[in-house]
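Participant: The listed protein sequences correspond, in order, to chains A and B.
Per our numbering, residue -9 is the first one in the first sequence, and the count goes up by one each step.
Per our numbering, residue 362 is the first one in the second sequence, and the count goes up by one each step.
None of these hints come from the bench; they were simulated from the model.
It is possible that some hints are incorrect.
Said to hold, decoys possible - Sample of chain B residues facing chain A (criterion: CB under 10 Å; computed from the structure): (1) N422; (2) L519; (3) Q570; (4) A613; (5) R619.
Ideal Cβ positions, reconstructed from N, Cα and C, are used throughout, including at glycine.
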Amino acid sequence: MMRRWSVQSVALVLTSLLFCTSCSRLPRNSASLFVMVPKLVGIPYFNAARDGAAVEAGHLGLQFFYTGPTAADAGLQVDVLAGLLPRHPAVLAVSCDDANAVAPVLRRARRYGIKVLTWDSDATPDVRDWFVTQVEDETLGRHVMDVLAREMGEHGQFAIITGSLTASNLNTWLYWMKTEQQQKYPGMHLVAVVPGNDDQQQSFVQAQSLLQAYPNLRGMIGNSSAAPPP
Amino acid sequence: MNSYPPVGSLSPPSPARPLARRSLERLKLSANFQPIVVIILVMFFSIYAGYRNGDFWSGLNWQLLVQPLAEAGLVSVGMMFVIASGGIDLSVGSIVGVSAIVAALGAHHGWPVRGMEAAALATGVICGAFNGLLIGWVRLSPILVTLGTMILFSGIGLALSSGASFAGFPDGLLWWNDAAVFGFPVEILVFFVVIAIAGILLHATLCGQYVVAIGSNGEAARYSGFPVRLTLFAVYSLQGLLCGAAGVLLMARLASARADMGQGLMLVAITAVVLGGAPIEGGFASLLGTVAGVSAFYIMQNGLLLLGVPAFVQYALTSALLLVAVGIGNLMRGHGEEE
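Given only the sequences and the hints, what does the whole structure look like? Please build it.
Facilitator: Right, here's the structure in full:
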């Protein structure tokens, strides 16, 4: 028993040393560092955004760094953002998985003098300097619904495969799709909204089950870049 | 002939051997050998990461780093008891999510902050107790029960919230994330308190002995008249309580609540316990190992991020370190036994 406690106390001393030495150096300022964070790494949409941004950063003479969570999860994204703050990049460009969840860490970033830019999916407006959007949420949602209605002849059952059920920009698009359908296409009937979790394999399986469950299904909307077939 | 079988490595070392060698062999056989290997490897990694990127040792980095670590740490300590009892809890992430959603719904109905916190903890305990009932009294296998409740609880969370994320909580709740004492964020202090309580439960109470006894041989524990059902019920309820607490901390840190909030925590918690040297089949618990395991995970992830390692490679390198730690631990221990 004595021996075990002595080993434990040695380990405790070592870990507390780890903590004590941690307050020694102040973070450096990387004046030319441009950090880009997608909702998740590894899907074609964000890869395309990364390539474009990397080229432009090269033109502007900025140091470009791209990193993000490996799954579309707000908690993981916040961990990544928090880990980036000590590097003090000049600009932090984020496609926010959840507008509310990233707000505290982005507010903190601005307090340290980091310029915060959101793209693709916005944060709450008070925590970022700019938002670059590919298209207005309302226009996108209504337009997707209009196109589907034209293809389906404005009647019949349809389903929506979305990314994750909690992604804030996708849910806004969903809202406008549903609004457009209710206002303009009473003959159409939304039977299901299912999550593909930004995963092509999962989206594929969901599409198969939808076809099984609703034999009269006449249309499907892929509401995330991983939902439609590549 | 000697009437006793050779006890081998368990015999006391002969006094003729030098002291350093003796203590090394004793260390190899101690329960803490595996976590010490992990701690040494992580310290080497930290020195290297600090050398390559000065930001690694900044106070800001450690303040930000220990917050997610504390949340995962709470769940890992609960998981340590669960695994020691011969079980596993796959539903922890879902319990974290549903606790946060219940508290968030409370906030929207104008509950006070203490009420929200109590609601989250109570939801956690109820979910955990439900697991405990099915595992202790109905005697279903833990993996079966918690696989089911993992989907059940996250389904309840999604249904209650309709997939939306809640925000706009009172400052009293966000205090858990903002406040610090002598530079230590409150979250890590909560974790320290939980470690202390868990240590007392494990080493100084009958409850801890029951858990380990049930894990090493459930039938024997039953025939010895140990309160097996009640202990299992308590273990899963405690896990639920800790998940509820992790839910409150996570809500405060993200200033929002979503049903899928704790998704990654289950794997981290199981990894932490196993990395700390506990066999997955139960019968053994190491608090030091669990804390070292969960810290190793987050320190590695953070260091690799600061070194600019791409996200996918981070996972590969983290798990490589974990395998190396377990491998070194096992090899050296095996070597010690042969001698």
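Participant: Honestly, which of those hints from before does the structure not fit?
Facilitator: Checked against the structure, the only hint that fails is number 3, while the rest are satisfied.
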